[in-house]
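Protein chains in written order, with my numbering: chain V, 1 to 495; chain X, 1001 to 1222; chain U, 2001 to 2675; chain S, 3001 to 3317.
I should point out that these hints are in silico values taken from the structure, not numbers from a laboratory.
It should be emphasised that the depicted structure is a prediction, and the values quoted were computed from it without experimental measurement.
Among the clues, some could well be false.
What the hints assert, rightly or not - Where chain V lies over chain X, by a calculated footprint (3+ residues, C-beta under 8 Å):
1. 1138 to 1145
2. 1150 to 1164
3. 1167 to 1179
4. 1183 to 1193
What the hints assert, rightly or not - Residues of chain V clear of chain X, computed beta-carbon distances all greater than 12 Å:
5. Ala39
6. Glu94
7. Leu102
8. Pro236
9. Ala418
Backbone N, C-alpha and C define an ideal beta-carbon position, used for all residues, glycine too.
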Amino acid sequence: MSSWPLVLLVAAPVIAGLGSLVVQQRRAIEVLQCAQAGAMLAAAALVAGQIIAAGEASVGGFLQVDALSAWLDLIIGFVGSSGTLYAVGYVGEELDRAHVSLKRYSQFFCLFDMYLASMLLAVNLENIAIMWIAIEGSTLSAALLIGFDRSKAALEAGWKYVILSSVGIALALFGTILVYYSSEHILGVSNEALRWSQLYRVAEKLDPVAIKVAFIFALIGYGTKAGVAPMHTWLPDAHAEAPTPVSAMLSANMLTVAVYAILRFKAVTDRSVGPEFAGKLIVGLALLSLAVSAIFILVQRDYKRLFAYSSIEHIGIALLGFGIGGLGVFAGAWHLMNHALAKSTAFYGAGLVFLRHDHKSLDRVTGLLEQMPVAGTAILVAGVALAGLPPFGLFISEVLIVAGSYTIRPEVAYVFLALLALAFATLLYQVLRMVLGEPGEAGTALGRQCRIFTSAAVGINIVALGTIGLRVPPGLETLLASILKIFGVGMEAPR
Amino acid sequence: MSLFSIDVGSQLVDLGSALLLLTCFAIVAQRRLSACVDLFVLQSVFLALTASLVAFLTGIHHIYVAAALTIVVKAVIIPRILKQVIEHVNVKRELEMNVNVPTGLLICGALVILAFFITQPIIPLGFLLTRDSLAIALAIVLIGFFMMIARKKAVTQVIGFLVMENGLFLGATAAAYGMPLIVELGVFFDLLVGTLIIGIYSHRLQDAFDSVDTSKLTTLKE
Amino acid sequence: MTVLLVGLLAIYMAGIILPPCFPGRPRIQNLVAHGLATGAGLVGIVLGLAGLLVPEPWTVSAESTIPFLSFAIRLDPLASFFVLTISLVGLAASIFALGYVTEFYGRSSIAAMGSLFNGFLLSMTLVVMADNGFLFLIVWELMALLSYFLVVTEHEKAEVRYAGLFYLIMAHVGTAFIVLTFLIFFQEAGSFSFEAFRHPEQPLPEGMRTLAFLMALVGFGAKAGIVPLHVWLPYAHPAAPSHISALMSGVMIKTAIYALLRVYFDFLGGQFPWWWGFVVLLVGTTSALLGVMYALMENDLKRLLAFSSVENVGIILLGIGAGMIFQSYGLKEFAALGLLAGLYHTINHAMFKGLLFMGAGSLLYAAHTRNMEEYGGLLRRMPWTGLFFLVGAVSISALPLANGFVSEWLVFQTLFLSLKLPALFLKLMLPIAAALLALTGVLALVCFAKAFGMSFLALPRSSHARHAKEVPIAMRIGMGFLAVWCVGLGLAPMIVVPLLNRITGPLTGVSISDKVLALDGWALAPVNVQFSSISPPMLAAMLIACGLLGLFLAFMFGGRLVTRSHKTWGCGINLSSRTEYTATGFVQPIKRVFSTIYQPTVKLETEFLEESRYFAKRRRFEFHIEPVFQKYLYDPLVDFFVGMADRLRILQAGSLHLYLAYIFVTLVVLLLFAV
Amino acid sequence: MMLQAITLVVAQAIVLLAISPFLVGLIRKVKARFQCRRGAGVFQPYADLAKLFRKQPVISTTTSWIFTATPYILFASTLSAGLLVPTFISQTPMNFAGNIIALVYLLALGTFFLILAGLDAGSAFGGMGSSREAIVASLTEPAMILSIFAIALTAGSTNLSTIVHKTALMEGIVTDPSPHLMALAALCIVALAETGRVPVDNPATHLELTMIHEAMVLEYSGRYLALVEWAAGLKLAVFLTLIANVFAPWGIATTLTPAAMGIGLVTYILKIAGLAMLIGTLECMFAKLRLFRVTDLLGVAFILALLGLVFFYILRG
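Input sequences plus hints: build the corresponding full structure.
Below is the structure:
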């Protein structure tokens, strides 16, 4: 089992990032970034392939990949690479318009890659504490990216983000310490006491109360980063004010990574105190998130905030799936992947609209399908997918989650369906009035290069979204099956 | 180990933890900004002492490293950064609060009780040496958190955050006999960078809004 | 069958994929898309007939990689019947569209319209063929989505966007209830396969069955357009291009009828208390009556037709509801009769509503307006369209020799058979329902007398109408096709009934076709010929004979006299379109009589001459009827949500301290109570 | 057998066609007498028809083929409806061809085209007539259906001949008359409304305030008018026959012996003549109601029919 794909996966962004900081030369950076995108995608695919084939891969006990990590690798790798392409187009356009200097241009890509790298690192780590460090790393790089264009709003958003998520992350660290505190008696005062695999093994012996408290801290801590209500408050600001490629990455990747962290803790907690405890908490918060997002989507006046709230909703749905367990886990994982694709697509579209009109007001944007076909299509397709309509995967996962929750607690299913319907109505109301109708103000047309790169990114995403809409490719199926095993469920689903 | 019997040692560790807690209350009670920073330095020193005490008693040596780092980072570098920020943004010496001092102290007391209440069932499985440090660590985390809510100025929020960090560190070293070294290093690195970034932000905020009263940052809302 | 099915899917897929392959060539796109749809329609007709005739239900299925989902297709008589109906109307609509979409050249993308059109037809066909709950939900939602995009073809108009959104949301809410319905079965069956729904390990508890009944009624009712869930219908159906409206009103809402029958008689095995049937009956009566009453007041031809769809769905439900009541008392033959009546009316309504919407489309095409007050005198300018529209109007008014008469007659008989029921309450209620059905019928007659009279008779009421021309041949063929079916279905029940019997047989467990077709097929009887009977062919013969007699008399006495033509005497004033009765005036007495239902608001403004207040310069009269359900049911709901959302903005007040407090409180609460 | 059936049908057609103008004339005569006039002879309507057939028809230029087709359709539908009702023999061969619902809808067919014709001429009168006809028809129908059903219950059939035959043979005849009476009352009101008599409509006036049927046919002349008038007469005959034979099938021929048929024919003519005179009397006793008062009258009819139903079920347990 060769370990280089895994190394490449984490290393590629780092190299590319440092490279772009060094070369300070546009074409070179573009080439570098495109290469990076390709490398990352290939590496992610290879890693996933290894896992599908062998079940596990590791590099010196430091990097350790199981099905769940591989799933995240795929998501981050794919969306990350399309996002990189998009960023090349987007920030390039800003460079052409002299909104950013070449220096800050290269800085941006350095940060952007570091951000991707830290996330890729976080999901491939074996040690929960080091995972914490990596996630904190991503928080910090994101903090700088959000404030990238130094408008007042951006600064405010960045400040709120950095404070809130630092607090959250601190709480998560306390949770980690508690786990360590209770595990070191069995595994000794050493790295062993922080390894997932070991923790799973000895989970039954861990002290239940300690684990419960630890999980609460982890849930709230990482929940803050995942944008789970009521810890979500930073999210709309950050998504709205960050440069759009960053918004896309925040929504599609970082939230997903935070969910991943919660899941890791949940896996330990379930083994130790049974699935009900964690399940209850997660389901409660998930439903709260749905309610909050549905309501705020309705009153939204800003299209980037709109998609931000929709992210809160979908993270909530995915968590609900994991919370109810069983096939909910399948659905949750599936939901995460499809949401990452759809939401990044939505933000790509939104970004193009922003470049053209230079404002984020919903009411002033109409007739996108006619005015900007690419952006219009992106937003329309993404909107339909995010509203949970077939032929897209989000429909599948939502139905499965409803079914799962109904068999466990019907009232959850009722509430969930009601909130889904509300969110559906509100989201489509907003999206459709953007894409349909007569075009409004003209705005400034986009440069050719920008159009090429961004259209490529959008195209890739939409194709992927369509292909995995109504069928799980066999490879992914095996991955999902082994993910289910992590949560102690078999794939004994009647067809 | 020959000098002290275990229980004396545990007495000392508890004493250290208690001192940390006291400094917390002091910070909450403190109205002057620079004094807050000084108190934070003092707390960090106590923290380092407690940590090294644990290291000495248990003979787990990498905790010494952690203690040393604490001194360097929290007692020297970070206070300097903070002072610089204070200089640059020339904040008023008086602090505005959302909650007045007596109420604040009361709440902090309640938080301490909460901490003990929660950790009660867990403590028995702790090491004999560090009986109540976990409870105290949790208490300090909560109080730090509360400080961030209660105080308006950016810098004081940073201090609150750092106090939280101290609590965490106490939990890690005293209660859990220290994380593995690499973890400690990573945590400290992140902490440093984080504080730097927060510093940068408060600079920019000062430039943009000519104040760092974060309660004025309310343009982004529904 | 396999060949047919694969062929059908293949042609539709081609119809979806190919049109965009000819960018910038609308004519070719049109030919490809609708030509292929026509072919698919033919295949579908064969498939439907085959499915009706094969002895055993025909199934095929393909596994999927998604849990609980399998691409299972099942063609039992019920499904095949709807496949047949869909294909018939689809065929006509495709031919019609060949001519009709020329309107949209250069305005909208023909490729998109064509692909969506094929996709819409495909999804409808799959809805009735699906044999797996999950698959059903997917195609059901696809059907809604595709039809939405077709509805907003002219999305530059604000009202079209509103209509589309309203429709989409209502459809989705309906789907939520359908999901719940299926989940109730799912919980017992542990699978989404319809086969498992039919035969769960242990039967559903009574409460669950009742819940399923209600959920299904609401969920599918929203699509079928039962009152009070009908409000989207008069917006969405007119907004769509007319051949789409024909499909939506003609067949799409019927998929809901299909699903209801599927759930009540197939999944629930036709075992239910009498009050279920009564609820359906009640819903049916209300929808029928209110539907036609609102239709009567409409001057927008397409809105009128949409409302009349609500009415006809009500009539269908009347038949089904009565059937359910009989079923619950074990009177299986009558139950079968009720279902048969309902199904007969289903296909009939598909035919004449499709025809009428196409007629409306032709008028729109020729006169560029949907307002009846601006038509008039079109029968002379568009003789073919007029003739076909008349056939449709006669059919939908359930007048003899057209198909509507036969099915409505059967519904009447089913309701009259209530004298065989044990319960006095029902003995009284069903005849009253019959009386209300009679009222509905005659109001429909008035409604379509108005529609035809105002549009096609007397003098043109606008320059549009004056310059109208007959529509292209393709459109006429499309309409003629359905017109022929309207008459055929009315004259040849002896062919239709045995086919329908193949559906009701399995559902109710008895075969009644030989009893319904008394006197070796010449007469149609409600199970026992003693009770009553009609013979459409005989009636036709009588009418023709008597008509000939009339002609004979006329020309025997004064045949040599040539008729002199002279303009109508207008009491000395020259006759102009201003002196004609308006559509609004025509229904004014009815509006006044039923004012409790309409709650009309009348506004009359008069401008007087400066010289004297005795001479009016101009008067302006307008009246509106209260859209009761929207005003008292839907608007308050929307207002509630918007208002709540507005009040909750405060949560996101922008204060960092507040946000920190959220986290802090959550943490403390969880620590206190969760551990 | 077949031949016999055909002859019977033709005979019935002839009887109806022949008797309907007579009924009209009779009513007019009665009214004239009540108004202390001698009035025209009861056979005047035949002369009128003959005259109209011979006159040259004038057709409005605004009209379409609907206008010219309507009289024939009207005539055909009314006559066919008449063929469904047993006149002097209880078992009409056409029994199987349609029951009471079919009869109602055949008449509706005529009404439909008459309304269209009224609109077609394009004059305000025609429109007004059509619109009023519409409201009256729509209010009549429910009462009619219910009353018919109340009667049908006793015979257990909605086929007219079956009803009449059974009642004539005293099969399943009601022991208690109350449901029958109520149904009868209801049906009488319906008949007055449907045939356009006072107090619903006044066939003797051409005053735009009051006329309904006359307004619709205002543009007709010559043979078209003749057919329309004849059809109106037929409709009257049909309803009178219905009432007479359903409620008092006395003397109607239950077998096909010549004697029986003879008696049947005579009694039939007497019965409907009596009814016609009754109508004439009523028309003199009552004034025409305002259009929007008609609703009350027909509402009463509906309630009566409903009560008939209720009584039937309650009395039959």
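Here is what the structure says about each hint:
1. 1138 to 1145: holds (count 3)
2. 1150 to 1164: holds (count 4)
3. 1167 to 1179: Answer holds; 9 residues pass the 8 Å Cβ test.
4. 1183 to 1193: holds (count 6)
5. Ala39: holds, 26 Å
6. Glu94: Check passes; 19 Å lies beyond 12 Å.
7. Leu102: For leucine 102 of chain V, whose nearest Cβ neighbour in chain X is about 21 Å away, the distance exceeds 12 Å, so it holds.
8. Pro236: violated, 8 Å
9. Ala418: Check passes; 22 Å lies beyond 12 Å.
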